[in-house]
Structure formats: C-alpha cells, structure tokens
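> Chains A and B are the protein sequences, given in the same order.
The letter at position 293 of the first sequence is residue 293 when you use the numbering used here, and the numbering goes up by one with no holes.
The letter at position 62 of the second sequence is residue 62 when you use the numbering used here, and the numbering goes up by one with no holes.
The set of hints was computed from the structure by calculation and includes no laboratory data.
Since this is a predicted model, take the numbers as computed values, not measurements.
Even glycine gets a Cβ: it sits at the ideal position worked out from N, Cα and C.
Among the hints, erroneous ones may be present.
Said to hold, decoys possible - Partial pick of chain A residues on the chain B-facing surface, computed with a CB cut under 8 Å: (1) 72; (2) 88; (3) 92; (4) 103; (5) 104; (6) 108; (7) 187.
Okay, here's what each chain looks like letter by letter:
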Amino acid sequence: MASTGSSFALPLNPVPNSSAVCTIELNGVCKSYGDFVAVDDLSLSIKPGTIYGLLGPNGAGKTSALRMMIGIIVPDSGSISLFGEPFGHAHMDRVGYLPEERGLYRKMKVLDHLAFLAQLKGLTAPEALTRAQRWCERFELSAWTGKKVEELSKGMQQKVQFIGAILHGPDLIIMDEPFSGLDPASTVALKDVLLELAKSGKTVLLSTHRMDQAERLCTSICLINHGRLVAEGDLNQIKAKHGCCNIQIKYDGDAHFLEETTLVQSFNDYGNYVEVRLAPGADAQEVLRLASAGARISKFELMEPSLEEIFIDAVSKPNA
Amino acid sequence: MRNMWLITKREYLERVRTRSFLVLTLLLPAIMTVAMLLPAKFATIGERAQHVVVVTSSPQFGETIRQRLLFTSTVTDDEDEAGPEASATRPKPDKQYIIDVDSNPTDAERAILREKVMSRAIDSYIWLTDDAIATGKVTWAGRDVAGFGARSRLSEKLNRILLYTRLSKNGFPADQADLMLKPIKIEAVGIEGGREAKDKTEAKFLQVLVMVMLLYMTVLLYGISVMRSVLQEKSSRILEVLLSSATSTELMAGKLLGVGAVGLTQILVWTVMAGAVALPSLAMQAALSEFQIPPVVLAAFAVFFLMGYLLYSTIYAAIGAISTTEQEGQQLQLFVVIPLVLSVFMLLPVVKTPDASAVVWISMIPFFAPLLMYARIVVQTPPVWQIALSLFLLIATIAGILILCARIYRIGILVYGKRPTLPEILKWIKYAKA
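With the sequences and hints as input, model every part of the structure.
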C-alpha cells in the first residue's frame with residue numbers, strides 16, 4: 001500500500017506537529033555478531049518532519065542500526081516501532097531506503113528499473129512510470145531514461161538509486177551516506193529534495209560520518225560510537241548544553257594572551273587566525289580585553305562548538 | 001505474493017529479452033538436428049550393397065539361388081511384418097546384395113574370384129556347388145565376413161534356400177515347401193492389469209530416458225543460471241534495496257520461478273519446433289503410435305519434471321547464497337550432481353524390480369523421487385499413496401530448502417569475502433529466524 005495522497009509535487013506547508021506519534025522509535029536495541037557488539041542498548045525517537053542525523057565514525061554501528069530499522073536484520077533485544085506500531089514488514093511500503101552499498105540491475109533500463117522498484121513498494125505500473133519520468137526530469141536524467149543502467153556514470157547511477165528510494169512517496173526516508181560520491185551540483189539538488197520532503201512532513205533519517213554535513217542539514221541528531229549512544233536530541237539543544245567555548249581570533253602583534261592558562265585551555269594556530277578554547281568558567285570578554293591590550297584585533301568571534309568537537313568531547317569523557 | 005510475481009516477471013523478462021536467449025533457443029535445435037542426422041548419414045554411407053558372386057554347378061540353379069537370395073526374407077527383416085500377401089504381391093529385391101551367378105566351379109575360377117575379392121572388384125563369393133551342398137559345407141569367402149549380423153542373416157537365408165531346394169528335389173510342391181519354411185517369429189507379450197499387452201520395454205525405457213535427459217539438461221543449464229543470478233545480485237549489492245521492499249523468501253521464490261519459467265519457455269519452443277518437424281513424417285507417427293504413452297505417465301512426467309527442476313534449482317540457489325564467487329559455486333555443484341547421478345545409477349534396479357521394498361523407499365527420497373518415482377510409474381504404476389507421499393515430501397523439501405536458503409541469503413549479503421563455514425551458516429539461519 002502506497003501512502004495515499006503523496007504525490008510528486010510536494011506541498012510546502014509545514015505539517016510537523018509536536019504531539020504527533022514518532023515516525024520511528026528504538027528502545028534499548030541491541031545487536032551483536034558473535035562476540036562483536038554492533039549496537040548496544042540504542043534508544044532514539046524521530047518525529048515527523050525532521051531531518052535526523054545518525055552520526056558516528058566508521059564502524060560505529062550506524063548501518064547495523066539502519067538495517068534493523070528496515071528489517072534486514074533482527075535485533076537481539078529491544079524493540080523498534082514504526083509509525084507508532086510495532087515493527088512489521090507491512091510498514092515497508094511507507095519507507096524508502098538508500099543503502100550505503102549502492103546497487104542496481106546493470107542490464108535494466110533506467111525507467112524500467114525505477115518502475116520496478118516503485119511497484120515493489122505498491123505503486124501501479126503506470127503510476128510508477130509517470131512518477132519516475134518526472135523525477136528523472138528533475139535530476140536531469142531525462143535523456144538517459146531509455147539507457148541501461150550500466151551505461152550511466154557512477155554519479156548518475158547514484159541519482160537513479162536516490163530516486164528509487166523516494167519514488168513511492170515514503171513517509172520515512174532512510175539514507176545511508178547519501179552524499180558520498182556526488183558532485184557539488186547533485187549534492188545541492190539532493191539536499192534541496194530532502195529539505196522539501198521534510199517540510200512536507202516526511203521524516204528523513206540520514207546516516208553519515210561527515211559531521212559537518214549533518215550539522216548543516218539536520219535538526220536532530222544521534223551520535224553513536226562503538227554501538228553506544230553518545231548524545232541524542234535536538235541539535236541546538238545539544239549545542240547549548242555543550243556551551244559556547246571557542247573563539248576565533250584574528251590579530252596582529254603580541255600573542256602573550258594565549259599563554260594565560262586561567263583563560264585559555266588550549267589554542268590552535270591556523271596561520272591566518274587562532275582558534276582558542278576557553279578554560280572552564282573563563283569569560284570570553286576577559287580574553288578580548290587581554291588580547292586587545294597587546295595586539296590589534298581584526299576579528300573576534302564566539303563560535304558554536306562543532307558537532308565534531310562535541311563528539312570528540314563526549315567520546316573522550318571516561319564514562320561515555 | 002504481489003512482490004513475488006513482480007520479481008518473477010522481472011527475472012523472466014530480463015532473460016528472455018537477451019540476444020543470447022534467442023540464439024540459444026534457435027541454435028540448439030539446429031545443432032541437435034545436425035548431430036542426430038549426421039551419424040545416420042554416415043551409417044548409410046558405409047552401408048553399400050554387397051557384391052556377391054554365387055558359384056554353382058549349373059546356371060539354372062545359380063539363377064534360382066540369386067532370385068531366392070534377393071527375395072527371401074528373414075525373421076529379423078521388417079518385411080515380414082507386412083504379412084505374406086504383401087511380400088507376395090510386391091516383392092522388393094534385397095538392396096543389401098548385388099548378386100552375380102558363376103557356373104564355372106573350377107579351382108582356377110576360385111583363384112580368380114579370390115583375386116577379384118582382393119582387388120575389390122567383388123566383396124565375397126559363395127561356393128555353392130552340388131558337391132558342397134551334398135557334403136553340407138558351403139563356403140562364404142570374402143574380405144569382410146566377420147560381421148555377425150551380416151553372417152547370420154546370410155546363413156539364415158541360405159539355409160532356407162537349400163532346404164527348399166532339397167524339398168523340391170524330393171518332389172515337394174513349391175508352394176507347400178514355401179509355407180513349411182516360413183520363419184516363425186516369437187513375440188514377447190507382457191501381462192498388464194490381467195490382460196496381455198505387447199511388451200513395451202523399449203518404449204518405457206525411452207520414456208524414462210527422455211526424463212533423464214531433459215532433467216539433466218534443464219537442471220544443469222538453468223540451475224546454474226539461478227545460482228549465477230543469486231551471486232550477481234549479491235555482488236551488485238542491489239539485494240539490500242530489494243530487501244527493504246520484499247522479504248528474502250519472496251525474492252528467492254520469485255527468482256526461482258522467473259528463471260524456471262525461462263527454461264520452460266525454451267523447452268516449450270523446442271518441443272513445438274520438434275513437433276513441427278517430426279509430426280508430418282509418417283515414420284514418426286508410426287513410432288508414436290507404437291509408443292502410445294498413457295495419460296497417467298504424461299501427467300507424471302510433467303509433475304515430476306517440474307518438481308525435480310524446482311528442487312534442484314533451489315539447491316543451486318542455496319549454493320549461490322553461500323558462495324561468494326562463481327568458482328566457489330561450481331565446486332559446490334557436487335550437491336546437485338551427486339543425487340542426480342545416484343538416481344541414474346539406481347534407475348536400473350528400479351526398472352527391474354519396481355515394487356521391491358528398498359526401491360519403494362528409495363524412490364520416496366525427495367532427491368531421487370523426480371527420476372525414480374517417475375520411472376516406477378512408467379514401469380508399473382505404484383499405489384497412489386506412494387505417489388502422493390513422494391510428492392508431499394518433494395514439495396516439503398523444496399519449501400524447506402527455499403526458506404533456509406532465503407535466510408542464508410538474507411544474512412549472506414552482510415558478509416562478503418571468504419565462504420562461510422558450516423557452523424557459520426547454521427548461525428546465520430538462527431540469526432535470520434524472524
């Protein structure tokens with residue numbers, strides 16, 4: 001059953017509603033392969049209309065977590081619910097999945113392939129074909145719809161696969177490293193579509209190890225490391241919790257202020273500017289005063305901690 | 001179910017639309033035709049008429065012998081089937097011989113004849129002088145007289161001719177002598193269902209043989225293609241996308257049916273082609289009517305062929321699921337070939353004693369049933385419960401392997417690299433229990 005009413009043209013009125021049931025909820029999910037623990041007691045919940053980032057370094061258990069969400073593997077313990085109901089294969093028609101390992105039938109024609117994928121998700125053949133055609137137009141693949149997949153470049157194949165994941169108008173879109181291997185223009189096109197989808201009330205779950213990408217796109221995140229949850233929730237809240245403790249300073253002159261250990265915990269000189277990490281409890285204004293006493297300041301900027309820093313910070317804590 | 005059909009359709013169309021399918025479908029019958037016609041052609045090339053010289057004491061007797069040799073039939077000859085009237089009304093000269101008469105029974109002539117044989121002017125001569133007949137020692141001398149069939153045929157003919165001449169010399173009327181000497185053919189008759197029936201051993205053997213050939217060919221051709229397609233799907237990594245839409249059992253079943261249907265299509269095309277070529281020929285029709293296949297056997301053929309095909313394809317699919325490369329898969333093919341070869345080995349005892357208890361139980365084993373149970377049905381229809389039980393076991397085995405293999409398949413995609421060990425496979429099956 002395809003989600004009814006989800007047409008190609010995405011309505012732009014924001015639907016999200018804080019009281020709505022979570023699109024997906026994981027509760028104490030564990031998965032191990034033999035002795036290796038891939039996912040350890042993972043809990044998270046994703047609300048409709050959000051772009052949610054599942055972040056972590058390589059081998060953190062992201063892909064295992066995603067595979068459990070679409071039922072390719074079954075958790076050893078814990079529960080997964082989709083659209084407010086316990087996980088079931090019947091939900092799969094409302095989910096679109098782009099795996100990290102891309103793969104298409106090489107000998108199939110692009111349009112036929114897309115139609116096949118959409119039909120598996122419950123669309124009728126004519127409906128699948130018209131939608132495939134329109135999405136191909138949007139991703140500038142119109143000239144290639146009659147070609148075999150193997151004749152396409154890798155980037156184009158990836159666009160085809162992306163279309164395959166969203167063609168049936170899923171309510172939940174799960175993408176494993178969606179941007180890897182795309183050129184800048186395609187990255188923008190793909191990002192725009194994801195934003196549109198989220199605005200129209202769909203839920204987008206991205207898994208990536210590129211924290212900077214997630215930082216720009218996601219409203220909520222889940223950081224995992226070695227299969228364990230490090231931080232989860234609204235991105236702004238997570239950032240606020242970790243406080244604002246970095247300053248970027250561009251100066252000319254005396255650099256003695258950097259050695260004031262009561263104020264500066266550490267600093268990183270990038271040549272054009274230094275990035276200063278404040279000591280706990282230090283006031284940024286104190287640093288500015290001290291610095292301006294001996295040097296000409298051309299730039300002084302309080303910086304939000306990057307996700308990367310939050311992650312490194314969290315992971316390096318002994319109890320994390 | 002819908003997903004399974006979508007996958008079946010895709011698999012089917014992808015294969016049928018390829019050029020190689022078209023080429024194989026059209027080319028194989030051509031190759032087969034050539035392969036079948038050529039040996040026959042060669043056989044007839046080698047089989048030219050034998051040039052025989054009959055040496056007698058008198059030209060009249062020589063001529064009589066010549067006529068008799070050309071027009072006397074033997075038991076093994078087909079003309080006898082048409083009845084004495086037929087051969088009387090339209091006598092056909094024996095095409096195997098060109099016979100000359102020589103009424104100069106001297107040693108010098110014999111030496112000349114020997115020379116002629118050596119120089120290949122003639123093939124052989126028969127020393128049939130009155131003396132020779134009186135002593136009962138007739139010589140047939142030639143370059144190539146060792147052929148058993150040819151010798152027994154010629155000696156049978158000569159014996160009859162000489163008996164005839166003896167009888168007529170002793171005043172027996174010619175027609176009575178002929179009648180007395182008419183060979184008697186012994187017809188083997190089997191008793192089936194309380195009635196005498198013409199023995200159809202040959203026809204039955206052929207029915208079983210066709211099954212063996214067809215099963216072998218399709219299993220090896222299309223089973224491998226199932227295996228290859230499973231492997232391809234694993235290496236193309238599309239599996240993960242499909243698994244987010246369909247269950248692995250749906251995928252597996254769809255693939256089997258799709259590839260299976262391709263094989264059946266091809267066989268159907270070939271059957272139609274063979275029928276179109278063979279049916280108009282009268283000879284073939286006569287052969288068919290002799291082989292009259294009962295409808296039960298025809299139905300059993302269809303059912304057991306399909307089951308066997310499905311079973312072995314499923315095993316191939318399982319092999320594909322646990323292998324990572326085609327070479328590995330080919331090594332594991334043993335699991336398909338061994339049961340097939342074993343059932344061919346057991347075919348003879350089964351046909352000989354179709355109701356021995358060991359045979360009954362062996363023919364129930366799903367891996368042997370397609371060939372052996374079918375062979376039993378052909379030879380002597382077993383009780384219905386036995387057929388039903390063997391079919392049930394077959395279907396259960398196919399379903400069981402399919403489900404196991406779908407599990408292996410699902411977990412197998414997560415593991416690339418070396419082939420899993422048996423304990424690992426068992427673990428996968430456990431992991432994939434849902």
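> When the structure is checked against the list of hints, which entries are broken? Sort them ascending.
Failing hints, ascending: 2 and 7.
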